[in-house]
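Undergrad: So the chains spell out like this:
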Amino acid sequence: MGDAEIIPIGTRGRPGRGTGTAPSSAARGLATPRAAAEPAPAKKAPAKKAAATKAAPAKKAPVKKAPPKKAAPSAEAPSAGAPSADAPETPVAERPATTTRDRAPGNGIPAADWLAAVQAAAREVFGDDWEPQLARFLAFLRRRVTGDYLIDEYGFDQEITERFFMATLRPIAQKWFRIEVRGTENIPTEGGALVVSNHSGTVPIDGLMTMVSIHDHTGRFLRPLGADLVFKLPFVSAMARRGGATLACTEDAERMLRGGELVGVWPEGFKGIGKPYSERYKLQRFGRGGFVHAALRTGVPIIPLSVVGAEEIYPLVGNIPSLARLLGLPYIPITPFFPLLGPLGLVPLPSKWLLEFGEPIRTDELDPGAADDPMLVFNVTDQVRETIQQTLYTLLMQRQSVFR
Amino acid sequence: MGSAGRVVLVTGVSRDLGRKFARTAAADPSVARVIGVDAVPPRGDIGDVSFVRADIRNPVIAKIIVKEDVDTVVHMSVIATPGSAGGRTTMKELNVIGTMQLLAACQKAPGVEALVVKSSTTVYGASSRDPAMFTEDMEPRRAPRSGYAKDVAEVESYVRGFARRRPDVRVTMLRCANVIGPDVASPLSSYFRLPVIPTVLGHDPRLQFLHESDLLGVLRHAVVSDVPGTFNVAGDGLLMLSQAVRRLQRPTVPLPPFAIGGVASTLRSARVADFSPEQTAFLTYGRGVDTTRMRSELGFEPAHTTASAFADFGSSLRPTGGHAERALATVARRLPDPDLVPVVGGVDHG
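So the protein lines, in turn, are chains A and B. No gaps in the numbering here: position 189 of the first sequence is 198 in my numbering, and each next residue is one more. No gaps in the numbering here: position 131 of the second sequence is 1180 in my numbering, and each next residue is one more.
Some clues are possibly wrong.
[Said to hold, decoys possible] Short, incomplete list of chain B residues facing chain A, as computed with Cβ under 7 Å:
| no. | residue |
| --- | --- |
| 1 | Glu1185 |
| 2 | Pro1247 |
| 3 | Leu1250 |
| 4 | Gln1292 |
| 5 | Pro1300 |
| 6 | Pro1303 |
| 7 | Arg1375 |
| 8 | Leu1377 |
Keep in mind that the hints were calculated from the coordinates and are not lab data. Bear in mind that the values here come from a model prediction, so they are computed numbers and not experimental data. Ideal Cβ positions, reconstructed from N, Cα and C, are used throughout, including at glycine.
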């Protein structure tokens, strides 16, 4: 939210003294009745006002403080329609002239100024038609507070996923990792499909980034299958179900695929994300091929996805197996910055990411009994694994450097 | 079964749901007579039901079945809380020994044609390794080791044994989701009646409810229609616990898992709510059951969804929270209605 620059009231949005042709309204407000525009007070005034504006939304209404974070991405280019009446102008102009000396801190910011500040802040966040926008946002908040929303049988909450999770992750995907997505035409626009991806990065951020990228490019929601640790951990479990995840088990995978969902699976599991940095981009064993089994049973295409860049976000150089066993976790990572720098070490390195969706591997042409043929399941598993590994090598050759 | 209609024996009529079902069954035209059995007399009005005071843990039940010429047995006396029975030992005895005696009596009685057992989805347990939706063929991921869940599992295994020994008897087992309604007294309804609702920190379970009237409906349907098998019974859709609590407008206290035990025992000793270990697991991980077979094979359609059953339950409660909602409503009233204002400039609206 660095883009919300504070604009002082009374200069019509222009910093400084105004247009240059006429004194700014702030200057007019400060001027003595003989209208001698002295430069000193005029210079100081905007700074003071800026402070007031900054304080206003913070103190006044916590409800209104919240908007910038959630709604900023939704507030697109405001309409070019008629700008509403310039509310902040009036109270400033009517205020009796004062001198700098009178202006003790916390003394004499009239209520009208507070109101104007709040209105200006609302306009800043929601654009010119801020009233209906704010009303719409409040309606959303009220729906959340009264529990008046729907979830599906896996606990997926589309509203909060779209308006909060995706909105939070999108800047990270676009600005921090600068994700480049290729081959989105391989994702079917409707019907069940299984996206199979490599897994890396110590913390499963690649899954989140894949979800955002797929949603932004196709409008579909990727439904990830998570390890049972995900559903055991507090907070993570609640978030995962709300975001559309479910447990990686045959029953759920087949149920989701039959229901026509786009399901994401990371068959390497903890072996993949917890592998040391020295083994980056070397695919681990692909589980027991359960995902192929599920795809064969439901006859949906398998879409191989290769993710380059996620290996470098937290280079795993060590592990504390004893502590991990104690906490019941698969590993406790040591990276060059964690735990050395404490919480700062949790910031992922801004590597450049490439996501390439490969050509779908069709399973509907195989006969229905194919899922019970272990050799065929192994062959398809190997085919998917090889495709992803080869694509990874190709993408690595194309990549200029880790961060560019 | 003669042309005069069925003779139905209902166990567990001293409790509210058993009594209500006995009355519903007695009102059904295809049912000739309803005999209610329990160790203690029912407290409310039982209408046309003839009540026989007998303990199902006792072989007397066999005599009643033969003498009254019973052809349909509805077993409803598997109880979830030890509170009403007077301790966990008594509860276990009532549930397990009672079922064994009842089944033994049914096996000896040649006239019995149908057995309907009200079971519970508790039999699936609740854990982090659960699939999202349990179908009837799935087993719990971890076999229950104590409490109500174990009782239900044992009752079900005895019923399956009975079905093997008497293949001529139609056995219908109904695994019902948590029954809820304005008058229902169950561990879960007393939990939602707490003025401040304790939740497990960081977990948000999925819940499924069955309205009281739908429970009576499905039992009646199972008695009159001729469908054997095991069926999950629940209202459509699911609610998250957080969502359910918000709909009730009640404040919550998230408690870390290690503190739940202490709070639970305090609440139990104060007789406010019964918080058993399997209840805690349920409120941590939740559970969902698939009801496809209820529709396709059993042919039953519940009148209430999970959400509407819960709304009906909530309408009898007075909200104790909801300050945030009121504050938001106050602000929203001062602003134009978002639905009336034309949308300008391509804004999204959820």
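Undergrad: With reference to the structure, classify each hint as holding or not holding.
TA: Hints, verified against the model:
With a least beta-carbon distance of about 12 Å to chain A, the hint placing Glu1185(B) at the interface is violated under the 7 Å criterion. Among the interface hints, the one on Pro1247(B) is violated; its C-beta lies about 15 Å from the nearest C-beta in chain A, farther than the 7 Å criterion. This hint holds: Leu1250(B) has a C-beta 6 Å from the nearest C-beta of chain A, less than the 7 Å allowed. For the restraint placing Gln1292(B) at the interface with chain A, the shortest Cβ-Cβ distance is roughly 4 Å, inside the 7 Å limit, so the hint holds.
Using the Cβ-Cβ criterion of 7 Å, the hint placing Pro1300(B) at the interface with chain A is not satisfied: the shortest such distance is roughly 12 Å. At a threshold of 7 Å, the smallest CB-CB gap from Pro1303(B) to chain A is about 9 Å, leaving the interface hint violated. Interface restraint check: Arg1375(B) against chain A, minimum CB-CB distance 10 Å, threshold 7 Å, status violated. Hint status for Leu1377(B): holds, given a least beta-carbon distance of 5 Å to chain A, under 7 Å.
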